[in-house]
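Residue-level listing of the chains:
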Amino acid sequence: MTTAREEGLVTCRTCARVWPGMAEACGRCGARLSSRDALSLQRVWAWWIAGVACYIPANLYPMLVTETLTSRSESTIIGGAIDIAKHGDLGIALIVLIASVFIPVVKFIAIAYLGLSVKLRSQQTPVGRMHLFEVIEFIGRWSMIDVFVVAILSALVQLSVVASIQPGPAALAFALSVIFTMFSAKSFDPRLIWDYLPTRAGSRAP
Amino acid sequence: MTVTSDVPRADLIGCPNCDLLHRAKPIAEGERAVCQRCHTVLIAPRAAAYSRALALSVANLILVTAAVFHPFLEIHAAGIVNRVSLLDVATSFGTGALVVVTVTSVAMILLVPLLRALLLAYALTPLALQHRAYTGARWAFRVAQELKPWAMTEIFVIGCAVALVKVAGLARLNFGPAFWMFIALSAFVILVDRSLCTWSIWSALDEAEKKPRRQPARRVRQ
Ligand SMILES: [Zn+2]
Numbered sequence: 001m002t003t004a005r006e007e008g009l010v011t012c013r014t015c016a017r018v019w020p021g022m023a024e025a026c027g028r029c030g031a032r033l034s035s036r037d038a039l040s041l042q043r044v045w046a047w048w049i050a051g052v053a054c055y056i057p058a059n060l061y062p063m064l065v066t067e068t069l070t071s072r073s074e075s076t077i078i079g080g081a082i083d084i085a086k087h088g089d090l091g092i093a094l095i096v097l098i099a100s101v102f103i104p105v106v107k108f109i110a111i112a113y114l115g116l117s118v119k120l121r122s123q124q125t126p127v128g129r130m131h132l133f134e135v136i137e138f139i140g141r142w143s144m145i146d147v148f149v150v151a152i153l154s155a156l157v158q159l160s161v162v163a164s165i166q167p168g169p170a171a172l173a174f175a176l177s178v179i180f181t182m183f184s185a186k187s188f189d190p191r192l193i194w195d196y197l198p199t200r201a202g203s204r205a206p
Numbered sequence: 001m002t003v004t005s006d007v008p009r010a011d012l013i014g015c016p017n018c019d020l021l022h023r024a025k026p027i028a029e030g031e032r033a034v035c036q037r038c039h040t041v042l043i044a045p046r047a048a049a050y051s052r053a054l055a056l057s058v059a060n061l062i063l064v065t066a067a068v069f070h071p072f073l074e075i076h077a078a079g080i081v082n083r084v085s086l087l088d089v090a091t092s093f094g095t096g097a098l099v100v101v102t103v104t105s106v107a108m109i110l111l112v113p114l115l116r117a118l119l120l121a122y123a124l125t126p127l128a129l130q131h132r133a134y135t136g137a138r139w140a141f142r143v144a145q146e147l148k149p150w151a152m153t154e155i156f157v158i159g160c161a162v163a164l165v166k167v168a169g170l171a172r173l174n175f176g177p178a179f180w181m182f183i184a185l186s187a188f189v190i191l192v193d194r195s196l197c198t199w200s201i202w203s204a205l206d207e208a209e210k211k212p213r214r215q216p217a218r219r220v221r222q
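Chains as they are written, first to last, in this note's numbering: chain A, 1 to 206; chain B, 1 to 222.
No lab work stands behind these hints, which were simulated from the structure alone.
A virtual CB, placed ideally from N, CA and C, is assigned to each residue, including glycine.
Check each hint, because a few of them may be wrong.
[What the hints assert, rightly or not] If you want a taste of the chain B side facing chain A, the calculated C-beta under 8 Å gives, among others: (1) Leu12; (2) Leu42; (3) Leu61; (4) Val103; (5) Ser105; (6) His131; (7) Tyr134; (8) Thr135; (9) Gly159; (10) Ala163; (11) Val165.
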């Protein structure tokens, strides 16, 4: 077992074609090539910090501002989920909590863990970390649910004076947090997980 | 499976996730070739993948366009009716900094899925019809794949379900035709993505560019 880099080649991460190590762009699909992106981890951390920083106001400020004839109420992400649960729709409340709280927090922790494990040249569970990375990439987008809910409600509930719903500032902070975290995960080069592991004969049980 | 330097480069696959080199071998439809080290799926050809993906891309195009102009949701409360289209929903973040959210929502719900469908149709049509690849087909396919995570049709559908529950106590809701189109659309998007084997399409594009044009081919690959 040898890697492309050990053979002096570089793999295109878009189309899996290999090229001589000095090639800068893939001759087949045109993607930019890098054997290993030296700045990968720096970019991961920069987007990660931006994502975490936006996640804090996203939870403190209101996501929705509801006005009816008699009242005006503001609800945060967690407050909104609790309201739904009080109505008896536990399943929906759970979807909101998973998409808006559980997934983002797990994502922050998981990316940090991957970044640190590469930095510390961890030899442990490379396949597990690869899967973790793939899961993160897959589930990250689902956090946008709450932003879309706010969009739907504020378009729909405009019933003159009877009731209206407006988006709160948390919608922006939350959307940015999701996008930054997606960039953070995208910046991570999973090949880094494998670089410190032996690939040559004897590294695997036959 | 050993990889040595004397294998022509074109016969090698590098694992995009762990960089391990493999020799590309044609495999049967429905089978999968996975990376020996990290188990990433490298090749997974499917029968009639191009024509199916093409059909679905065209269906996507029609559905997105139709869904934008038809009523999406309708709300009744205290004698007032409010009917909104998908575009209304995507542009509902009115003022100030929230415009950023509007732009991203329109892009994620409408523009990116539409653009992906167009690019895929452009790249895959010649493959399905066994013609020579169009100029820029490679670029179109690469961009379509890069846009994949940013097309959030199916997430928006779940968002609709949540919104319905939230508004249930306040008013009565009706679904418009565009709502059902959008449900169909998200199912299509998932089907398109499942039927795409990246490696097979890149190889097919390689082959399709070798086919002669009407004028003698001037360009020689590599
Ligand atoms: Zn691999």
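Quiz item: Against chain A, with CB atoms and a cut of 8 Å, does the hint on Leu61 of chain B hold up?
Solution: The hint is violated - Leu61 of chain B has no Cβ within 8 Å of chain A, the shortest such distance being about 22 Å.
Quiz item: Holds or violated: Ser105 of chain B as interface residue toward chain A, Cβ cutoff 8 Å?
Solution: Given a least distance of 5 Å, the restraint on Ser105 of chain B holds.
Quiz item: For the hint on Gly159 of chain B, does the least C-beta distance to chain A fall short of 8 Å?
Solution: Since the shortest Cβ distance to chain A is 3 Å, the answer is holds.
Quiz prompt | Hinted contact Val165 of chain B with chain A - closest CB pair below 8 Å | solution = With a closest approach of 4 Å, the Val165 of chain B hint holds.
Practice problem: Have a go at the His131 of chain B hint: is there a Cβ in chain A nearer than 8 Å to its own Cβ? | Solution: 19 Å, violated
Quiz item: Can we keep the Thr135 of chain B interface hint, with Cβ of chain A closer than 8 Å?
Solution: 13 Å, violated
Quiz item: Should the hint that Leu12 of chain B touches chain A count as held when the rule is a Cβ pair under 8 Å?
Solution: Leu12 of chain B check passes; min Cβ-Cβ to chain A is 5 Å, inside 8 Å.
Self-check item: Ala163 of chain B as an interface hint toward chain A, with CB separation required under 8 Å
Solution: Holds, about 4 Å.
Practice problem: Hold the hint about Tyr134 of chain B up to the distance rule: shortest CB distance to chain A must be less than 8 Å. | Solution: Given a least distance of 15 Å, the restraint on Tyr134 of chain B is violated.
Quiz item: Does Leu42 of chain B pass the interface check with chain A, least Cβ-Cβ distance below 8 Å?
Solution: 7 Å, holds
Quiz item: Hey, does the Val103 of chain B contact hint survive, CB to chain A under 8 Å?
Solution: 10 Å, violated
Hints 3, 4, 6, 7, 8 from the earlier list are contradicted by this structure; the remaining hints agree with it.
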